[in-house]
Every structure is written in C-alpha cells, then in structure tokens.
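A.B. asks: Quick note, the sequences are listed as chains V and X, same order.
Quick note on numbering: the numbering used here labels position 35 of the first sequence as 35, and the sequence is numbered without any gaps.
Quick note on numbering: the numbering used here labels position 57 of the second sequence as 57, and the sequence is numbered without any gaps.
Source of the hints: derived by calculation from the structure; they are not laboratory data.
The model shown is predicted, which means the values in this text are computed figures rather than measured ones.
Note that beta-carbon positions come from the ideal geometry of N, C-alpha and C, so glycine has one too.
Hints may contain errors.
[As the list claims (entries may be wrong)] A few chain X residues that don't get close to chain V, going by computed Cβ distances all over 12 Å:
#: 1; residue: E37
#: 2; residue: E48
#: 3; residue: V50
#: 4; residue: G51
[Said to hold, decoys possible] Just a few of them, taken from the derived set where beta-carbon distance is under 7 Å, the chain V residues facing chain X:
#: 5; residue: E3
#: 6; residue: F4
#: 7; residue: H5
#: 8; residue: R6
#: 9; residue: L10
#: 10; residue: E23
#: 11; residue: P29
#: 12; residue: G30
#: 13; residue: C31
#: 14; residue: G34
#: 15; residue: I193
#: 16; residue: P230
#: 17; residue: V231
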Amino acid sequence: MKEFHRPEALYSTFPRKGGADPEATHYCPGCGHGIIHKLLGEVIDELGVGERTVLISPVGCSVFAYYYFNAGNIQAAHGRAPAVATGVKRARPDSIVISYQGDGDLAAIGGNNILQAANRGENMTVVFVNNAIYGMTGGQLAPTSPLGMKTTTTPEGREFEEYGSPMRVAELLAPLDGVSLSSRHALINAGEIIKTKKALKKAIKYQMEGKGFSLVEILSQCPTGWKVDPVESLHWVEEHMLKVFPLGTYKDEPRQRPTPPHPADYEPALIDRVIHAGTSANGRGKAHEPVRPVTLPLGIRAAGFGGQGILLLGEMLAKAGLAEGLSVTWLPSYGPEMRGGTANCSVVISDTPVGNPIVDQPNLLLALNRPSLERFEPMMQPGGVVIYDSSLIDVGPTRSDLTAIAIPATKIADELGTAKVANVVMLGACMELLAFPSQSERDPLLQSISRDEKMLEANRLALKGGMEAARAAAAPAR
Amino acid sequence: MSNSHHRRFNVEFHEDLCKGCGLCVHMCPHHVLVQSERLNRRGFHPAEYVGEGCTGCGICFHTCPEPSGIDVEPHSPTSA
Ligand SMILES: Cc1ncc(C[n+]2csc(CCOP(=O)(O)OP(=O)(O)O)c2C)c(N)n1
Ligand code: SF4
Ligand code: SF4
Ligand code: SF4
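Working from the sequences, and respecting the hints, build out all of it.
C.D. replies: So, in structure tokens, the structure goes:
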C-alpha cells in the first residue's frame, strides 16, 4: 500500500529562506502554491528527472520557489520566464525546463512572452497558477480576475467597460500550432487535485519525449488576496471561477518537435567575462597593448556636474573603443541624481561582446567633481584607475589600492578660452592612458562633436592638453 | 476497530509546520481529522488525527500546502 511523504524534489528545511522559521514555507495558510509545489515535486520524483530539472521561477509569491525545490532554478524578470526557459532548453536540450508563473506574471506583463514561446512550440512545460489576482503586491486586479471581483484597484468590482473580461489563457493558447497540450485544472477537491497531478505528469512526459509545448493552468486559491478563509476559498473557486474558467483539456495533440539548432559551444569563462565586464569578477583582464595601468574589459564610470559634458565624454570614449574595433556600450544614468544637477554614465569597452552595460564596479573612473569621486570611489575594483579633475577636486582618492591620476582639466580648458572643453581634456587623458584610438581616428571623433572650425580647433587643443597632462601625471607613478 | 476491512493507517502531523488552514480537515473523506483547540509554536490551531478511521487515501497529504506537513503510512504495531 502506498505511503505519502514529502517528495525528494522538495527540501525538508529551507536554509535559503532563513529567518525565524526555516522549516515552514513563506506561503499564507491554505495557499494553492504550496499544494502545486507538492504535486510538482511528486511528479519530478516519479519521472526521475530531479537531477536535470530547471525551474524558472517568476515574479510573484512564487518568486522564492528556489527555497523549496531541490532542482536547478533561475529566477526570471517579471513575465519573462518563458524566454529564460527557452534559453535554458535550447542550450541544454536534456534538461527538463519548467516555467512556473502566476497570472499577473504570465497573462499581464508577460503576455507576449508566453504567446511567442507557445507559438514557437518550445519544448517546455508551463505551470500557470491562476489565482485571479496579484497576490504578492497586495491584491490588485489581474487579467484573470472575474467580472465583479473587488480588488484593491477595482474597489467597486471589475467592470467589462473599463477592464474587459477575464482572460482565458488555456483556451487562448490551444489553437496555436506550437502547442501540444493545454488544459485547466483546480485544487477544489481530491479528484481535481489528482487530475492536476496527472496533467503535470503528462506535460513533463511530453517534454521528455520532445513533444513540445505544454501549458497546465491551475485555478489556485489565494485566501489572503480574496479575503476569505482557506476552506471558504475552495468554495470561492467553485462559485466565482469555474463558470468563467471551465476545467478541461483544450488541446492534447503531442507532436514530435524538431530540435532547434543548438547554440554554438561556448566557454563558460567567456560568458562570465561578457556578463561581468564591469565587475570585479574580471579583475584578471589582459592588458591592452602597450601595457598601461588599465586593462580590458574596461568598466568606466564618468561622472560630474550636469553641464560638464559628462554624457558626451562617455559617448566619445565608447566611439573611441568602436574605432579600435572593440565592443562597447554606453549607458547614461537617468536616476534621481539628474534632478540634483549631477550626471553620470557607464561605458563598457571590451574585446568580447558586452552582456551587461551597467558598470557596478568600475576599473576606470573619470571624476569631474567631488561628489562623484566620493560616490564612486568605494565601488571601484581593486587596482582600478581614477582620473580626476584636480582643478575642482582638491583631495584625490584615498584608497591605496587605486591609481590616481590628477588632471587639471577645467584649468587647462579655461586657459584655452572655454571651460566647456574640460570633458575633451579628460577624453585626451583617457586616450593617452588607453593608447587608443590611433592618431588617424582621433580627428573624426572630434569632428563628430562639432564641425564648427573654431570649436573643432578648441577641441583639438583640449585633447592634446589632456594627453600631455596624462603623460606628465602618469610618468612618476610608474 | 478490529473488524475493519481496511488495513490500518497512521496519519502523522508535524505540528509545528501546520498553519491551521483546515484544508486537510475539510477534505478528509472519513472525517477523522480535527483542528485542535491548542495553539502550536507558531500560533495556529494545528490539525490532528482523532486516532482511528484513516484509510490511507493520502488526500490530506495532497491538500496540505506544507511540504513536510503530513505523512501517511501503514500503522505499525510498534507505533503508539
Ligand atoms: C517589472 C516589474 N513590475 C512590477 C513588479 C511588482 N510585482 C511584483 S509581484 C507582482 C504581481 C504578481 O502577481 P501574480 O503573477 O498573479 O503572482 P501571485 O503573487 O499572485 O502568485 C507585481 C506586479 C515587479 N516586481 N517587476
Ligand atoms: S498572497 Fe495569495 S498567492 Fe500569495 S502566498 Fe498568500 S495566499 Fe498565496
Ligand atoms: S489519509 Fe485520507 S483518511 Fe487518512 S486522514 Fe488523510 S484524508 Fe483522512
Ligand atoms: S492542511 Fe496542512 S497546514 Fe493546513 S491544517 Fe492541515 S496540516 Fe495544517
């Protein structure tokens, strides 16, 4: 006779969760997510795929699914689980990829993501937890909320005129050619719970056999969001959801899917480098010729007052990298600091493709005012280089593991007749240190700033002034 | 009890994990579960087995949202 114990695919305690109660889940009493986790865990056990399962967890109450599942996990941005699942499945065709998503995640912000993955017939399993509400954020209207349902954003109840009707995802996806299985289930009684488990098992089996995309929609109770007690929530499903969301199988036509082309083999170290170009994971970048204190990939932050031409400075550096045949990104920061009158941008210059344009840990900082130096110095990679405008910053960086290069950029610019070209002085200083771009590439770069003859000449002199200043400043330090 | 034609089963609760949701009590087809008057460590009224009548169907196990909330296994004479 059968015994019933916690499936192996779920942990017995949840150290990743921590806190006061590492043995109990974070879910509310009676929450459907917990029941679905258990069913999924059993199915993973029964099919023996725990070792190769990768769960893609969403944004929503189940964002922490990785606390519980003894499986691979990637937590995706809101609504993007099907895209992440696609990547995992194509890179690792042997893995069992399960995209676990709520209704806000799948049907609202991720609506297009799920449509495209289903339409492509990706060989994956989608567990769609439809609780008719945004649970995690406190009970807002979801695309799946029934008409008349009161939520925090529809205190008078959902009206068709304003919000349309509840979206029936299982029916919506079923007609797509790429879809092999689309069905809807509920957790309202023992029979339906067992049917839900069978559907999950079938969906994963189809995936194991290469038979394409499956969606298992589960009407799941959210007693907290619905403001009812857990036992009442079962009646709530029967009363408010079953009519709108009839249970049943909307499509079951498994078809052998052609395996999509496997992405080219890659070096994990290369991926790491691409993603972490601007972080310390890359401290060992190789030196750019000739040997200079700064190495590729460069994660640069340029920062100063608004009006100093900081964003242009970053853009010019990126263009310099391009002229050198390198991969670059330029990302201006439009944070609250824009209003405070300061500006900064991230530039990555790399000899591999750039995967992440945000520079959290620069190895090169261009500071044109004091607040910028104070803000970004602590973020610098050990061994990084700080070029700062010594005409505006009297005390340079204090960290002893950084190389500081003082360039009186504003003063040099002022002597040329306009303090506005201080950014080009800094650009010149960088070019000197980086040893690129080559002489012949410099003038076209300056021409892209301005073709006005007077301006161009000022910029040429500023660039030259910056290069000379950098040569002078760097010489004794070496 | 002795002439029950079911094999006897034991349903075991891990009381401190119980959130007192009552789903297992509600779903048990044989109505052999109750919610205790007591409070557990976490401040919930935990579910408990009345001590007989469990057929080992596993329904309570499947309705409990806590991974390790409930075990159902054959009753062994050595267990209390
Ligand atoms: C890009 C983005 N937008 C919005 C949010 C805020 N947010 C967090 S959870 C959530 C709704 C999740 O609802 P649902 O998918 O129904 O899952 P549930 O919590 O009900 O399980 C939202 C909008 C976010 N984290 N990221
Ligand atoms: S808010 Fe709703 S979905 Fe989220 S844990 Fe609580 S009951 Fe579950
Ligand atoms: S196993 Fe079945 S009969 Fe036994 S307590 Fe659980 S639900 Fe009731
Ligand atoms: S279903 Fe689980 S959590 Fe809910 S009352 Fe029963 S044992 Fe407790």
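A.B. asks: Classify the hint on E3 (chain V) as holds or violated, based on whether any CB of chain X lies nearer than 7 Å to its CB.
C.D. replies: Since chain X brings a Cβ to about 4 Å from E3 (chain V), closer than 7 Å, the hint holds.
A.B. asks: Does V50 (chain X) sit more than 12 Å from chain V, CB to CB?
C.D. replies: holds, 18 Å
A.B. asks: Does C31 (chain V) hold up as a contact with chain X if the rule is Cβ-Cβ below 7 Å?
C.D. replies: holds, 5 Å
A.B. asks: Are P29 (chain V) and chain X close enough, Cβ to Cβ, to be under 7 Å, as the hint says?
C.D. replies: Check passed: Cβ of P29 (chain V) comes within 4 Å of chain X, closer than 7 Å.
A.B. asks: Would the stated hint for I193 (chain V) survive a check requiring a Cβ distance to chain X of less than 7 Å?
C.D. replies: With a closest approach of 5 Å, the I193 (chain V) hint holds.
A.B. asks: Let me know if the C-beta of G34 (chain V) comes in closer than 7 Å to any C-beta of chain X, holds or violated.
C.D. replies: holds, 2 Å
A.B. asks: May I ask you to check that G51 (chain X) keeps its beta-carbon over 12 Å from the closest beta-carbon of chain V?
C.D. replies: For G51 (chain X), whose nearest Cβ neighbour in chain V is about 19 Å away, the distance exceeds 12 Å, so it holds.
A.B. asks: Per the CB criterion, is E23 (chain V) less than 7 Å away from chain X?
C.D. replies: With a minimum Cβ separation of about 6 Å from chain X (threshold 7 Å), the hint on E23 (chain V) holds.
A.B. asks: Measuring from the C-beta of F4 (chain V) to each C-beta in chain X, is the shortest one below 7 Å?
C.D. replies: holds, 4 Å
A.B. asks: Less than 7 Å between beta-carbons is the criterion; does P230 (chain V) satisfy it with respect to chain X?
C.D. replies: holds, 4 Å
A.B. asks: Holds or violated: is the Cβ of R6 (chain V) closer than 7 Å to a Cβ in chain X?
C.D. replies: holds, 5 Å
A.B. asks: Go through the hint on G30 (chain V) and say holds or violated, using the shortest Cβ distance to chain X against 7 Å.
C.D. replies: At 4 Å from the nearest chain X Cβ, G30 (chain V) passes the 7 Å test, so the hint holds.
Violated hints are absent here; each numbered hint is respected by the structure.
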